[in-house]
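Student: One-letter residues, chain by chain:
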Amino acid sequence: MITVYLEGAAGIGTQDHQNAMYRPAFEAHPDFQIVDDLAKAEVVSVAVPLDERAEAIGRLVRAGKHVLADKPMAATVEDCENIARLAREHGVLVVPAHHQRLGAALRSATAAVRGGRVGLPWNVQCDFLVAGGDPAPTGELVNLALYPIDAVHALLGLAVRRVHAVGGADLVTLLLDHDHGATSTILCGRVAGLADVRPAGLAVHRYRISGSHGVLAVDATKPGVLVRTAGGTTSAWTGPNTVAALLDVLSAGVRTGRAELGVADAIHAQRVVEAAARSLNSGQPITLGEAD
Amino acid sequence: MEQRSVPSRIGTLLVGAGFIAEVHAAAVTASDRAHLVGIVDTDPGRAAAFSRSHGAIPHTDDLAEALAWPDVDAVVACTPNHTHLGVGAAVAAAGKHLLVEKPLATTVADAQALAAAFAAAGRVLMAAHSHRHHGYGRTVKDAIDAGVIGSPAHVRLSILGGWIWTGWDAWAADPVASGGHALHNGVHVLDLATWWLSADPVRVYARGRHQTAAELRINDYLEMVVEYAGGEVAVLEMSRAHRPGSFGLRDLRVVGSAGMISEDWADEAAFLFTEGGTGLVAAAGVDGFGAQFESWLDTIGGAPPAMPVSDAVRAVELAVAVEESVSTGRPVELGVAA
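Each protein sequence line maps, in turn, to chains R and W.
Just add 4 to the spot in the first sequence (first one is 1) and you have the working numbering.
Just add 169 to the spot in the second sequence (first one is 1) and you have the working numbering.
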């Protein structure tokens with residue numbers, strides 16, 4: 005069993021992903037055992053306020069702990085890069101909680117696209133809309149956008165070279181230019197509460213990948229079933245839980261020293277988020293350098 | 170409503186005998202308020218063939234001659250986009266009403282000139298933005314205007330096809346004759362989203378591709394992002410670039426402050442599973458072209474226009490800005506050319 009200590013129960017705004025998501029997932033996962041003593045933990049699940057997160061992760065990495073980091077892993081690219089450097093120096097894993105890319109439909113889609121099923125992909129269109137819940141005081145670009153940015157990165161595996169963004173705090177549209185002329189567009193944000201969606205649940209999560217030889221349309225809220233009652237219609241997820249899948253990644257990483265998700269993914273997403281914020285302020289596309 | 174004195178059956182002349190003329194001819198013949206009185210095409214053989222297949226209506230290759238025929242009250246123009254100004258000016262000068270295929274013109278100046286000519290002539294000019302008249306277009310507009318989703322904030326509208334133009338010599342693929350894909354087909358979604366939102370567009374950012382062949386002279390794929398004065402955003406796609414060639418998809422979503430409207434790809438169709446694969450069978454719906462023609466007749470009779478000329482001019486301005494943005498890679502502010 006891998007021992008895990010839960011540090012913090014906070015996040016952006018009113019979030020408590022530690023108790024809402026990670027604790028029950030660790031409790032249910034056969035590879036992990038929650039411990040109350042930090043000294044006995046191999047892994048620490050970090051869910052502290054965003055402005056304290058980089059410092060907390062850095063401290064734990066220096067102590068030789070593997071880290072599961074609530075998203076975003078840190079508030080700035082610079083902080084993300086510092087965490088990456090520390091993790092390399094201390095030989096530990098830091099896994100950012102980019103669990104949405106691990107949904108069953110998206111994993112299959114990623115395999116299909118990377119396997120050439122649509123030929124050479126040239127465009128991705130994505131909608132990532134949460135309904136209801138508490139709006140993030142940071143704006144949803146900081147809170148939510150990394151999920152679809154990360155998923156698109158997983159689908160295409162292509163660096164982002166240019167970022168243009170339009171919209172506002174609740175709804176933002178990201179227009180990304182990737183290597184090889186591929187483009188992607190991500191609508192992301194929070195909409196009004198809907199009768200058929202639990203508060204802060206995903207109302208729309210889908211991707212359309214267009215390639216030289218075909219199109220793949222992915223509803224990332226599937227696999228699921230619809231449950232219709234007098235009180236309304238809800239959906240029930242039938243695929244693997246994305247947070248459980250995240251812990252699978254963490255477990256495999258701890259055992260092998262390599263994780264499917266790592267600090268490089270957090271750096272990539274944060275670079276796009278920061279460029280999008282600059283684009284929103286300037287009204288102009290932002291070109292990312294080779295180092296990006 | 171201003172009532173005009175109009176004939177009980179409006180004599181309608183078709184100009185241009187290409188494939189879209191068949192759709193308009195069907196709308197004319199289906200109406201009990203109009204009748205087809207002739208066909209004009211610069212290709213005399215094509216005009217004659219069209220005549221033979223439509224009850225031997227009069228035909229000619231001379232627009233001026235046809236406009237002088239005594240029973241012509243109105244004209245439906247189905248000619249290449251860059252001819253719209255010339256054809257329209259002749260129709261206005263002859264004192265006839267005009268339903269002209271979209272875009273109204275290929276430049277903002279030409280579009281404004283046409284608007285002015287018909288205003289001066291006191292005749293009805295309508296651009297054939299047919300999607301306003303299709304069932305989905307009207308349903309979404311009605312739902313937004315009824316306040317069902319609160320204040321609309323975001324529109325996603327994609328019309329994606331896998332069929333490409335007929336050949337290298339197709340006028341629609343000629344950037345001069347068509348004005349480019351933003352003007353040729355992009356105006357459909359640019360106008361529809363703007364109409365749905367009832368908002369003033371202020372800025373356009375667009376990306377385009379020559380996906381089917383690098384040698385294409387227009388973009389077979391366009392993504393057009395329009396920002397509006399109230400902060401609304403529309404993300405619009407128009408494509409002839411998708412594969413397989415049989416691919417066809419319309420995708421729409423409107424997000425508002427109190428809900429959303431969406432139509433996914435299977436919402437107007439049934440699935441067809443065959444040995445050749447999975448396809449869709451589109452549901453029978455409203456004949457958008459027929460509804461459009463009847464709406465034009467209503468306006469000739471004095472009803473408010475369902476597609477005001479100013480909206481058609483604005484659609485041209487949007488499309489011109491799209492082409493500029495694709496070319497420069499930068500956002501384009503609107504209103505400069507107006």
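Note that these hints are calculated values from the structure, not bench results.
A quick note: this is a predicted structure, and the numbers were derived from the prediction, not measured.
Think of the CB as a built atom: it goes at the ideal place given N, C-alpha and C, for glycine as much as any other residue.
Any given hint could turn out to be false.
Just the calculated beta-carbon pair ranges, DEER-fashion [as the list claims (entries may be wrong)]:
id: 1; chain 1: R; residue 1: Gly137; chain 2: W; residue 2: Gly399; range: 19 to 29 Å
id: 2; chain 1: W; residue 1: Arg221; chain 2: R; residue 2: Gly161; range: 56 to 66 Å
id: 3; chain 1: R; residue 1: Thr242; chain 2: W; residue 2: Asp311; range: 34 to 44 Å
id: 4; chain 1: R; residue 1: Val231; chain 2: W; residue 2: Ala383; range: 46 to 56 Å
id: 5; chain 1: W; residue 1: His379; chain 2: R; residue 2: Arg63; range: 45 to 55 Å
id: 6; chain 1: W; residue 1: Ser426; chain 2: R; residue 2: Thr18; range: 47 to 57 Å
id: 7; chain 1: R; residue 1: Ser216; chain 2: W; residue 2: Gly399; range: 49 to 59 Å
id: 8; chain 1: R; residue 1: Glu59; chain 2: W; residue 2: Glu384; range: 55 to 65 Å
id: 9; chain 1: W; residue 1: Arg386; chain 2: R; residue 2: Asp183; range: 19 to 29 Å
id: 10; chain 1: W; residue 1: Asp311; chain 2: R; residue 2: Pro53; range: 40 to 50 Å
Student: Evaluate each hint against the coordinates.
Tutor: Structure-based check of all given hints:
1. Range check, Gly137/R to Gly399/W: about 25 Å between beta-carbon atoms, so the 19 to 29 Å window is met.
2. At about 58 Å, the beta-carbon gap between Arg221/W and Gly161/R stays in the expected band of 56 to 66 Å.
3. For the pair Thr242/R and Asp311/W, the supplied restraint of 34 to 44 Å holds, since their beta-carbon distance comes to about 36 Å.
4. In this structure, Val231/R and Ala383/W meet the distance hint of 46 to 56 Å, their C-beta atoms being roughly 50 Å apart.
5. With their beta carbons about 53 Å apart, His379/W and Arg63/R fall inside the hinted range of 45 to 55 Å.
6. Between Ser426/W and Thr18/R the beta carbon distance is about 21 Å. The supplied range of 47 to 57 Å is therefore violated.
7. For Ser216/R paired with Gly399/W, a C-beta distance near 39 Å fails the hint of 49 to 59 Å.
8. Look at Glu59/R against Glu384/W: about 56 Å separates their beta carbons, and that is inside 55 to 65 Å.
9. A hinted range of 19 to 29 Å holds for the C-beta pair Arg386/W and Asp183/R, which are about 26 Å apart.
10. At about 46 Å, the beta-carbon gap between Asp311/W and Pro53/R stays in the expected band of 40 to 50 Å.
Hints 6, 7, counting from the list given before, are not met by this structure.
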